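If you're matching them up, the sequences are chains A and B in order. Following my numbering from start to finish, the first sequence increments by one per residue and tops out at 49. Following my numbering from start to finish, the second sequence increments by one per residue and tops out at 1518.
Rather than coming from a laboratory, the hints here were simulated on the basis of the structure. None of the values given here were measured: they were computed from a predicted structure. Careful, some of the hints might be misleading.
[To be verified] Facing chain B, according to a computed beta carbon distance under 7 Å, are these residues of chain A, among others:
| hint | residue |
| --- | --- |
| 1 | G18 |
| 2 | S38 |
| 3 | R45 |
[As the list claims (entries may be wrong)] A few chain B positions that, by computed beta-carbon distances, are all more than 10 Å from chain A:
| hint | residue |
| --- | --- |
| 4 | R1109 |
| 5 | W1117 |
| 6 | H1165 |
| 7 | E1187 |
| 8 | R1266 |
| 9 | D1290 |
| 10 | E1291 |
| 11 | L1306 |
| 12 | A1322 |
| 13 | T1343 |
| 14 | G1374 |
| 15 | A1429 |
| 16 | S1433 |
| 17 | P1442 |
| 18 | T1484 |
[Unchecked claim] Below, a sample of chain B positions facing chain A; criterion: calculated Cβ distance under 8 Å:
| hint | residue |
| --- | --- |
| 19 | G1305 |
| 20 | S1425 |
| 21 | L1427 |
| 22 | W1434 |
| 23 | R1437 |
Backbone N, C-alpha and C fix where the C-beta goes; we use that ideal spot for every residue, glycine too.
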Amino acid sequence: MRGVKKQNLPSKICTVCGRPFVWRKKWEKVWQEVRYCSERCRRTRPPVQ
Amino acid sequence: MSEPVQVVWFKRDLRVDDHRPLSEAARRGPVLCLYVYESELHGSEELTAAHLVFLKESLVCLERSLRELGGALVLRRGRVVDVLHALKRETSFVSLWSHEETGSDRTYRRDREVAVWCREQNVPWHEFRQDGVVRRLSSRNGWSRHWEEFMREPVVPRPSLRGVHGARSDASLTLADLGAPPSDKPEAQKGGEDKASGTLASFLSERGVNYRAAMSSPVSGWNGCSRLSPYLAFGCISLRTVNGRLAARRSELRTADADGEPVDRRWFGSLQSFGSRLRWHCHFMQKLEDEPRIEFGNFVRAYDGLREEFTASVEGRRRFEAWKEGLTGYPMVDACIRCVKATGWLNFRMRAMLASFSAYHLWLHWREPAVWLGSHFLDFEPGIHFSQFQMQSGTSGINTVRIYSPAKQALEQDPDGEFIRRWVSELRAVPVSWLSRPEQMPAELQSRCGCLIGRDYPAPIVEHAAAVKEARDRIAAVRRRSGTRTEAKAVFVRHGSRKKSATDRDRKNRQPILPGLG
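Starting from the given sequences, assemble the full structure and let the hints guide the process.
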């Protein structure tokens, strides 16, 4: 994402809280698999039955 | 006296290709092609408005084809025996031709009336097999050989016809007059032999490539399943034609592969899976053919009385209503119910889940849910439907109890929530992680996405784990009784598939289920 303006970074909707979140450098290799916006959302996802 | 007239009675075989009664009758002289709108059948729960629309579309196509061949379609209304009696007065009607039908009790009773009339009137009734179902089958041993032999016979070409002068449709009953009753299923498939043939062609040339993987999900199954079921149910295409084109396609793919042409490998497994299902189609219908009472009562009578009282109770009634409305609080169940009400179709896995949910989670006897769901399946096929409903309810005695988790099905078959959001609009704004179990959403999230559980969408009607455990225990208690086991063995002898499953083959030293049958 070098050279991409911050407001033009890709974004996703968090599958837990439903809010949009923006690409971060630490996700550059796994962006496709990222589902949650935060550690908190990852932890509060409902258990699989 | 004018030339003797052959009456071909069209029932669940609305086509001209591979129609043996039609071609046999045509060899013997002028043919009167008859379709009867039966007062007791058309408009009943097994032929509702959506079915009648499909039926009309199929009849329009059939009439055109018959006219091209030199014949005509005569439509009459009433009881079949009365119609036949009238035709006998109007024409020199000498014999009756039709396919064998493995239908509901209504059609079975009607056929017996027709048989009595034919005997009394000295009119021979020539009935022909139209699929792998064998009439008066003495034993299930070797059944699949009968299936293979029937499917290997060549497809019967469409005959040329000589029409009959004088016999007309009822004055009030031309196809144009029939109109079509307002259907509650605007998205239902369209009837007709031409549509059937096109559907098969697109499946075998393109849509079927990923069948094996696509069929389990209601999302990918929409296009990835064959979608031939209503055409097979109304006989717009014969099973032999389907099987023949399948075989041709498989050998075409094998040849192409051997010649080094690029072939998508998924075709091989997919077409093999599809072929198995063509056999299962007849395997399940054979059960109703052999034992018509399974439309009403349990295969294994030891299960009689297990759910009846609860089903009739106030709570039982409440649960049945919620299930029919798609308001159980289980999004995958509710989405499936609403989908089938709007479109008349659902993939097999989801049908099984609906049956299992009503029988185990809701503890409802299968009979009412089966009749209701059947009235919404455009492809309602009594033999498959009632055998399957019993199997998914645990009353067949010969199948492992399989209880689907709607939440698991949602996660696996609708991972993006596309299907649930389409049919359960209350949940449209719910983030996908909660879609399988929206009641688990924190209160703050519920209000933020405008879906309060209990106000906008119901809480689960029963608690999954507790309901499943209770159902399992109750079924197991009956299953353990020695009388149940004896009965189940008898059901296996009469109806069970003789094909060994992969696990049976692996365990070579396993005791056979029954001595000599194994």
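Going down the list of hints, with the structure as the test:
Contact between A:G18 and chain B, as hinted, is supported at the beta carbon level, the nearest pair being about 4 Å apart and thus within 7 Å. Evaluation of the A:S38 hint against chain B yields a violated restraint, the C-beta minimum of about 13 Å exceeding 7 Å. The criterion of a C-beta within 7 Å of any C-beta in chain B is met by A:R45, whose closest approach is roughly 5 Å, and the hint holds. Taking the minimum C-beta to C-beta distance to chain A, about 45 Å, the non-interface status of B:R1109 holds against the 10 Å cut.
Its beta-carbon lying about 57 Å from the closest one in chain A, B:W1117 satisfies the requirement of being farther than 10 Å from that chain. The non-interface label for B:H1165 is consistent with chain A: the shortest C-beta to C-beta separation is roughly 68 Å, beyond 10 Å. With a cut of 10 Å on Cβ distances, B:E1187 stays outside the contact zone with chain A, its closest approach being about 28 Å. Remark: the non-interface label on B:R1266 is consistent with the geometry, its nearest Cβ contact in chain A lying 23 Å away (cut-off 10 Å).
Distance to chain A confirms B:D1290 as a non-interface residue, since its nearest Cβ pair spans about 39 Å, more than 10 Å. With a least beta-carbon separation of about 37 Å from chain A, B:E1291 lies farther than 10 Å from that chain, consistent with its non-interface assignment. Listed as outside the interface, B:L1306 is consistent with that label: its C-beta sits roughly 26 Å from the nearest C-beta of chain A, beyond the 10 Å cut-off. No beta-carbon of chain A comes within 10 Å of the beta-carbon of B:A1322; the shortest separation is about 20 Å.
Listed as a non-interface residue, B:T1343 keeps its Cβ farther than 10 Å from every Cβ of chain A; the least gap is roughly 27 Å. Non-interface status of B:G1374 relative to chain A is upheld: no Cβ of that chain comes within 10 Å, the nearest being about 29 Å off. Against the 10 Å criterion, B:A1429 falls within the reach of chain A, whose nearest CB is about 7 Å from its own CB. Once the 10 Å rule is applied to beta carbons, B:S1433 is inconsistent with being away from chain A; the minimum gap is 4 Å.
For B:P1442, the non-interface assignment is contradicted: its Cβ lies about 8 Å from the closest Cβ of chain A, within the 10 Å cut-off. For B:T1484, the requirement that its beta carbon stay farther than 10 Å from each beta carbon of chain A is met, with the minimum near 30 Å. Taking 8 Å as the C-beta cut-off, the interface hint given for B:G1305 is violated, the closest approach to chain A being about 31 Å. Because the closest C-beta pair between B:S1425 and chain A is about 16 Å apart, greater than 8 Å, the hint is violated.
A hinted interface residue such as B:L1427 counts as satisfied when its beta carbon comes closer than 8 Å to some beta carbon of chain A; here the least separation is about 12 Å, so the hint is violated. A least Cβ separation of about 6 Å between B:W1434 and chain A falls short of the 8 Å threshold, and the interface hint therefore holds. Satisfaction of the interface hint for B:R1437 is found here, the shortest Cβ-Cβ separation to chain A being roughly 5 Å, below the 8 Å cut-off.
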